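Chemist: So the chains spell out like this:
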Amino acid sequence: MIQVKLPGPLRLLAQIDGEVWLEVSAPVTQRTLLDELERRYPPLLGTLRDAHSGKRRDFIRFFAEGQDLSHQSPDDPLPESVTRGQEPYLVVGAIAGG
Amino acid sequence: MSKLRILAGTRKGAFILTSDSNREKWNVSGPHFAGWEIYHVKASPVNPDRIYASQTSGWFGQVIQRSDDGGLTWQAVGNQFPYEGVPGTHQWYDGTPHPWEFKRVWHLEPDLHDPEVVYAGVEDAALFRSVDGGQSWQELAGLRGHGSGPDWQPGAGGMCLHTILLDPKTPGRIYVAISAAGAFRSDDHGQSWKPINKGLVSEFMPDPQAEVGHCVHRLAMHPSRPQTLFMQKHWDVMRSDDAGDSWHEISNNLPSDFGFPIEVHAHDPETVYVIPLKSDSERFPPDGKLRVYRSRNGGQHWEALSQGLPQSDCYINVLRDATCVDQLDPCGIYFGTTGGQIYVSPDSGDHWITVVRDLPAVLSVEVQTLA
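Protein chains in written order, with numbering that gives the first Met the number 0: chain A, 0 to 97; chain B, 0 to 370.
Bear in mind the hints are in silico, worked out from the structure with no lab data behind them.
What you are looking at is a predicted structure, and each value in this text was computed from that prediction instead of being measured.
Here a beta-carbon is modelled for each residue, glycine too, at the ideal position from N, C-alpha and C.
No incorrect hints appear here.
With a Cα cut of at most 16 Å, we get these calculated EDC-like pairs of lysine to aspartate or glutamate: (1) A:Lys4 with A:Asp67; (2) B:Lys102 with A:Asp49; (3) B:Lys102 with A:Asp57; (4) B:Lys193 with B:Asp150; (5) B:Lys2 with B:Asp48; (6) A:Lys54 with B:Glu100; (7) B:Lys2 with B:Asp19; (8) B:Lys168 with B:Asp187; (9) B:Lys11 with B:Asp357.
If you want the footprint, here are the derived chain A segments under chain B, 3+ residues with CB under 8 Å: (10) 8-16; (11) 50-59.
Beyond 10 Å from chain A on every Cβ pair, some chain B residues (computed): (12) Pro167; (13) Lys193; (14) Ser245.
Generate coordinates for the entire structure from the input sequences, incorporating the hints supplied.
Modeler: Okay, structure coming up:
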């Protein structure tokens, strides 16, 4: 199981109260994880990635193990600590403002 | 006794305000969708509990919400707005071709007869329609494809389709307005379109009377006389009596003819309201005095309405979708400001009451008159 942490506005949108844990079939990549996230919570479709191109939205970042995975290929395998549920996969809204 | 329900969209959520027909005391519900920009909230005229809301975010994109119980609960519905075919290009600010890219929904217009049908005006400018209560959206591509689309250019606020008027007397007739392309009309349910900008003069264009390129801010129409249209253009208040085929200016004695909204009284098609701003670079009321201007003769003469409105140190803006009228007699006039106030006049503009004063910046105001 993989733990996904979402920013507050998306939790509100998807009406998520508790933690989000997802079972993802192999291969476990950012793409398959986000596909499963959107399947489980349909209101999130299009809010993280463009629904047609799959391209990450400009002000969304994906972190894990203290690393920014946003610019990695969406088809690269996720870190083992994430797939084992030891580390969460973070969806982050970029800071904007001052 | 009738009830009133205001649907307000703001920079940080939606608010629903209710009152009895006296329109003096209002209960506030919200924020709904806290933290999100709510560009527009509007209910079906045939099913008042069916409400659509455009929820947007620079981070998370577009969401469309739908309520079937008058705003008590909401459901996220379809948020995909695919342009039909190859999207093509419009002009960018520097005159170069720029691909059409969906950004957000500015305006939602529920159909006059079928609550499952709703129109969406979007940025980059296009018109979409849903026939399944917002679950899926199809572009009415004849608008972008009628020929002038590649010449359209965004205004400072983006290239948005912000006004949709459905003609209640002529089946299939739709008017839209786009910043900064102008006004357009379809007579066949949105399949084909033509520009209706003859008589508009925009000095910021190389040809001030060009067929397209005008920064139309808002159109208004009285349902009993849909051939007559009123327009607040970037500069100039305009009128057409032939369904937009030609326009003439009715700014007359207004202190400024720059502004965003324009509205028609619910029971008198010759009574019109605007809220002038000082200029396009100083988007606040002249002299720091918030005044609505009313014409009782279709724009020949305008009178200032100020009783109950701040008459000093007021430097707010009133945006294009932030005015509306109710159906009571006397007709109530409503507007919201970028300072977070919503005002109502229960007597057609003679006196004004502050409904609420500290909301986030108000983007849109609609009101429902409920039995």
